[in-house]
Structure formats: structure tokens, C-alpha cells
Amino acid sequence: MSRLLDVNNLKVNFKTYGGEVKAVRDVSFHVDKGEVVAIVGESGSGKSVTVQTIMGLIPMPPGIIKGGSIKFQGKEILGASKRELRKVKGSKIGMIFQDPMTSLNPTMIVGKQIAEGVIAHQKLSKKEAKIKAIEMLKLVGIPNAEERYNQYPHEFSGGMRQRAMIAIALACNPELLIADEPTTALDVTIQAQVLELMKDIQKKTDTAIILITHDLGVVAETAQRVIVMYGGMMVESGTVYELFENPRHPYTWGLLNSIPDVEGPEKKKLIPIEGSPPDLFSPPKGCPFAPRCKFAMDICVEEMPGNFEIGEGHLAKCWLNDSRAPQVEHVFAREEEKAIAVGSEK
Amino acid sequence: MVEKIEEAGKKNTAENLVEIHSLKKYFNIKKDVTVKSVDDITISIRKGETFGLVGESGSGKSTLGKTVVGLQSPTSGDIIYNGQNVLQLDKEAQRNVNKEMQIIFQDPHASLNPRMRVGDIIAEGIDAYKLFKGKDRTNRIYELLAQVGLRPEHAKRFPHEFSGGQRQRIGIARALAVEPKFIVADEPISALDVSIQAQVINLMEELKESEGLTYLFIAHDLGMVKHISDRIGVMYLGKMMELSNSDDMFRNPLHPYTQALLSAIPKANPRAVKKERIVLQGDPPSPTAPPSGCRFRTRCPHAMEICALQEPQWKEVEDEHWVACHLY
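Sequences listed follow chains A and B, in order.
Numbering-wise, the first sequence is residues 35 to 380 according to the numbering used here.
Numbering-wise, the second sequence is residues 619 to 946 according to the numbering used here.
No wet-lab data here; the hints were simulated from the structure.
On a predicted model such as this, the values are computed, not experimentally measured, just so you know.
Just to be clear, a hint being listed does not mean it is correct.
With the C-beta cut set under 7 angstroms, the calculated list includes, among others, these residues of chain B facing chain A [said to hold, decoys possible]: (1) 812; (2) 816; (3) 884; (4) 887; (5) 888; (6) 897; (7) 898.
Capping the alpha-carbon separation at 25 angstroms, the derived lysine-lysine pairs in DSS-like fashion look like this [to be verified]: (8) 238/A - 126/A; (9) 303/A - 799/B; (10) 885/B - 233/A; (11) 67/A - 238/A; (12) 642/B - 717/B; (13) 303/A - 885/B; (14) 885/B - 237/A; (15) 67/A - 121/A; (16) 774/B - 753/B; (17) 116/A - 157/A; (18) 303/A - 751/B; (19) 303/A - 665/B; (20) 654/B - 933/B.
Heads up, the beta-carbon is just placed ideally off N, CA and C, and yes, glycines get one too.
Let's have the full structure, built from the sequences with the hints guiding it.
What follows is the structure in C-alpha cells.
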């Protein structure tokens with residue numbers, strides 16, 4: 035597979051009255067052609083800032099890029115001139131935002147918002163662009179596309195607006211689609227429609243997708259690789275199977291344990307992650323998760339763990355994976371209870 | 619036989635904390651345009667249970683919750699709390715009933731007054747009902763803060779100094795302040811991160827035990843609803859579609875809408891056998907002009923001729939499993 039996007043040691047800060055917030059601290063990952071990579075994490079973990087930096091959407095100031103590189107198809111786009119960026123942004127990389135209500139222009143008909151990008155990037159005439167826009171509306175499953183072309187965003191429902199956003203993002207046949215919580219604002223039935231649509235389009239066009247979400251169910255169903263972020267860092271990454279079946283970071287364990295099991299017959303107590311995310315003004319010098327971690331050792335507070343390679347492409351930033359660390363096995367909430375039940379029977 | 623049925627009926631009312639009888643709440647949004655947010659709903663909530671209410675946005679679930687606690691007056695219908703018809707009580711008695719019914723809101727950012735200190739926010743109910751004064755009031759605030767896992771020094775701070783999860787705890791403490799028996803939780807966790815959601819849910823379950831509470835839990839996250847609820851009601855465009863205990867609902871959903879809702883939940887297991895997902899076509903119809911007959915028929919994969927002509931009856935198809943659908 036050919037490498038599409040390569041992010042290396044990215045560091046992004048924000049200047050505020052209270053000091054500098056270290057929003058993204060040393061993030062490195064890559065996306066290959068045609069694959070779906072999910073980024074999960076809580077609010078404030080830096081996932082949105084990471085992708086917004088890729089898109090060049092971070093306002094500077096207050097944003098400061100402290101270092102790193104972002105290569106798209108082998109070309110550095112971090113710090114590239116506006117003109118160069120324009121060739122990439124919107125045409126080779128498309129983006130879908132979380133809230134379709136605020137990301138569409140309310141004073142402009144939806145069709146024109148789709149045509150806009152095509153005219154700018156593919157140098158089509160207005161007439162051709164209109165045809166293309168209607169074609170896109172049909173592609174994303176909006177009925178009466180000709181009529182809908184002339185309507186304003188407020189005449190669309192939430193799910194349709196998100197479809198329109200997808201149409202805009204895909205109009206120029208991008209190589210990479212960045213979807214920042216595309217279904218968070220939608221109802222489950224509409225979420226199912228939108229996810230289905232994205233998977234469908236991904237198959238048809240072989241577009242790579244970076245999917246930001248906090249719903250592990252969505253991750254399991256759509257992604258091939260997963261990146262878990264916490265406190266501005268990548269704490270674990272690997273294939274979706276590795277992450278769900280052999281997670282090696284206590285934060286990932288916590289995430290997996292705090293979602294209810296829909297399929298099991300009985301109710302189990304949820305095991306939440308106690309405490310709250312770190313303060314990124316002055317992040318701890320050790321592991322950012324250490325204060326909330328049940329298994330934290332002395333070294334976790336003192337020194338930042340490196341990336342331990344667990345398997346091929348499976349990295350975990352946790353001292354527990356050091357050969358000198360005590361062996362702690364992750365027990366799933368359900369299995370733990372099973373174990374207790376078995377124990378009491380004896 | 620008749621006696622037996624009557625007896626059973628009585629027994630049921632004794633167990634019920636809140637009964638809602640043919641409740642309707644209509645909004646006139648324009649001349650001649652009426653939104654029937656809650657349209658003829660009858661449910662009873664038993665003492666000590668958690669009743670989960672699910673549905674898409676616009677299904678009327680929040681309106682139902684707000685109407686039950688008296689934040690909105692119903693267009694018609696009755697609300698029976700502990701055997702008394704709330705709407706027929708005089709003002710004084712209604713105030714006392716309202717004290718026992720509290721609500722927790724969805725958005726912890728919008729539901730706390732940003733210019734009030736947390737202690738005063740929590741004590742709002744205490745002050746309104748003149749329950750405690752001076753030192754007792756302060757002690758009560760500390761006690762409430764401790765109950766929801768916050769510290770006494772938090773009383774002096776303002777809402778913006780807290781995270782989303784902590785704010786939701788403050789909202790819970792405020793609801794607990796007047797020692798309610800019944801709490802409507804209107805999407806209490808949808809604005810929170812996954813790891814924090816579990817904290818708040820566990821807190822709510824603990825409080826239910828220790829304070830002997832009854833919950834009406836409104837949400838659209840079906841996983842969490844299943845986790846916390848004893849029984850679940852499914853709403854669509856102002857109507858109740860299905861009602862049963864939560865295990866039955868998940869094991870054997872009867873209504874095509876419930877089936878679609880359940881199949882739409884993404885499973886957190888990458889190896890899960892991908893069942894054929896029922897993807898509903900289209901969006902929910904406008905609540906100003908709901909379809910004739912069954913309201914779900916425009917998106918229903920099993921729609922028949924009769925569905926457009928006649929509204930399905932609310933039937934008990936299996937023991938304690940109610941559904942409104944012509945298939946049954």
C-alpha cells in the first residue's frame with residue numbers, strides 16, 4: 035500500500051491568558067491509501083487539533099506549531115504557502131465537520147456550496163459545476179436532487195445536512211477524507227445511514243478516511259486501524275483487532291470497560307475511569323494518564339514512557355509493557371465477573 | 619374473575635409512583651399549525667424502578683419529561699403522583715408535589731446559572747422551600763456535595779471552574795437538595811465523554827439505592843438505557859410505540875421501529891457477526907403533519923395497507939410487553 039499521509043512528531047500549542055496550552059504533544063502516525071483510520075479520545079485529548087493542523091485550519095495566533103512535519107503524498111504541507119496549500123486543501127483532502135448546522139453557510143443555497151469547490155479546484159464552468167453538484171447530491175442519497183440544489187441549509191434535516199457536507203467534501207474526488215465526529219450530532223438511525231454511506235463511498239472511490247469519534251462501536255464497525263489519544267498524545271495505536279482484543283494501555287482498558295455491553299443478558303456495573311483529564315497548561319512530566327491509572331508505578335510519574343512495540347504496527351505508550359514491569363493482565367469487566375462467579379461456586 | 623382483575627388493578631396502582639393518563643401536549647407554532655409533541659400517552663412508572671424513555675430527536679420524549687414534572691402544563695390528560703391527581707390539586711399542594719419531583723437536564727453548561735456560586739445553585743430548592751437556614755443550610759450543601767463526589771470547598775466556586783462531568787454532578791446535587799422521590803433525568807449523559815458517562819451513571823445508580831429514588835431516564839443512547847433501566851418505552855413522533863422490560867426489549871423487539879433502532883447501535887466488537895442492518899430510509903416526517911394511521915409507516919419496512927388507514931391499537935402482546943403495531 036502506498037503512503038498517503040505521514041505525520042511526524044507534531045506539536046501544537048495555543049497561547050491563552052493562562053499560559054500556553056500544549057494541545058498536541060508529539061504525535062506521529064500515517065494513513066495509507068484507501069484505509070480507514072479512527073482517532074478516539076476524550077474532549078481535550080487533541081484529536082481535533084491534530085486533524086485541523088493537517089487541514090491548516092488552526093488560527094495562528096493563538097495557535098503555534100512547535101514542530102514536526104506533515105507530509106501528504108510525500109510533500110511537506112506543514113508551513114507550506116497558502117497557494118500551495120490551496121491545491122491540496124479541499125481538492126485532495128476533504129473534511130466533514132461535526133455540526134452540519136454551523137458548518138454550512140446559511141445564506142447560500144446548498145447546491146452552490148457544493149459547486150463552489152468544484153469551480154475553484156477543477157476549473158469547471160458554472161454550468162458543469164451545477165451538473166456535478168446535482169450528481170454529488172444524488173450520490174449521497176438525497177432525493178429530488180435538482181430541487182434540493184436550490185434549497186438553503188435550514189430546509190434540510192440534520193441527516194441531510196451531513197449528507198450535503200459529505201457531498202461538498204467529496205465533490206473534488208479527494209484522496210483523503212477527514213471526518214471529525216461526523217455522526218455525533220445525529221440520531222442513531224440517521225447515524226447508521228451516514229456511516230453506511232461513508233463506507234459505501236470509501237469502497238467505490240478508494241478514498242482514505244480519518245475518522246474522529248468517541249464512539250467505540252463506530253470504530254469497531256468502520257475502522258481498520260485505531261489511534262487512541264490522551265492528553266495531547268497518542269497512547270496506543272494498532273489494528274482494530276489488536277486494539278479491541280489485545281489492548282495494552284490502561285486508558286484503552288478503561289475506555290473499553292466504561293461502555294455498556296448491549297448484547298449480554300445481564301446488567302453489569304460499569305467501571306468508569308476515575309478522575310478527570312490532565313491540565314494541559316502544565317502537563318505532568320511523566321505519563322499523562324498516571325494520575326488516573328490504577329496500575330501507576332513510581333516511574334510513571336517521573337518519566338514519560340516511550341512507545342513499546344507490542345506487535346506489528348501495535349504501539350503502546352505505557353511502562354507496563356517494559357520487561358521489568360510487573361505483569362498486569364487486562365481483564366474485561368465481563369470476564370472479571372465471570373471469574374468471581376466461578377470462584378464463589380468453588 | 620372480575621374481582622381478581624380489579625384487585626390486580628388496585629395492586630398495580632399501589633405500586634405506581636407516577637401514572638400518566640392520555641397525556642397530550644400540543645404546541646401552536648403558527649396559526650393553524652400545531653405540533654403534537656406528546657399525543658395521548660399513557661404509562662405508569664413504578665416505585666423504585668428506572669423507566670427508560672428512548673426515541674429520536676423530535677419524538678417528544680423531553681416534552682413528556684418536562685410535562686410530568688410540571689415545567690409545562692399539559693394540553694389534556696392526567697398526571698397521578700402517589701395516588702393524587704396533580705393537575706387538580708390546589709397551588710399549595712401542587713408545590714409540595716413538585717418538591718418531590720425533580721429534573722436533571724442534558725446540558726450541564728446551559729443549566730447552571732454562570733453568575734451564581736455552586737453552593738447557592740444547589741441551595742436553590744432549599745431556599746425556595748425554606749428547608750434550612752444559616753449554618754444548617756451550609757452543612758446541607760456540604761452534605762450534598764459529598765453525596766455527589768465533590769468537596770466542600772467547591773461550594774464557593776462558579777460553574778465555569780468545573781468540567782462537564784462535575785457540572786452534571788452539581789445538577790444532580792441540586793435535584794437531590796429537596797429530597798425528591800422521583801427524578802426525571804433528561805439525557806443526563808449525552809453531553810459527556812464516555813469515561814465520564816460511566817461515572818455519572820454509577821453515581822445515579824448509587825443514589826437510587828441510598829435515597830430510594832425512582833427515575834424517568836430519557837436518552838437516545840440505547841446501550842446506556844439498557845444498562846440503567848428496568849423497563850423501556852420507545853417513542854416516535856409523540857406516540858408510544860413499544861413498552862416492555864429492558865431485557866425483553868433487547869431480546870425480542872416487536873415493533874419494526876424498535877428493531878431498526880436496536881440494529882442501528884454500532885457494536886464495540888470488530889469481529890461481531892455483521893447482522894443485516896435495518897437501515898431506515900429517509901428522515902422522520904415533520905411533526906406538524908404526521909402520517910395518517912401509524913406514524914411510522916412511511917419508514918416502515920413492513921408497512922401494509924391498513925397502516926395508512928387505521929391507527930394501531932396499544933396492545934399487550936406478551937406479558938408486560940406492549941406494542942402499537944398492526945403486525946400483532
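Original post:
Which earlier hints can't be squared with this structure?
Top reply: 18
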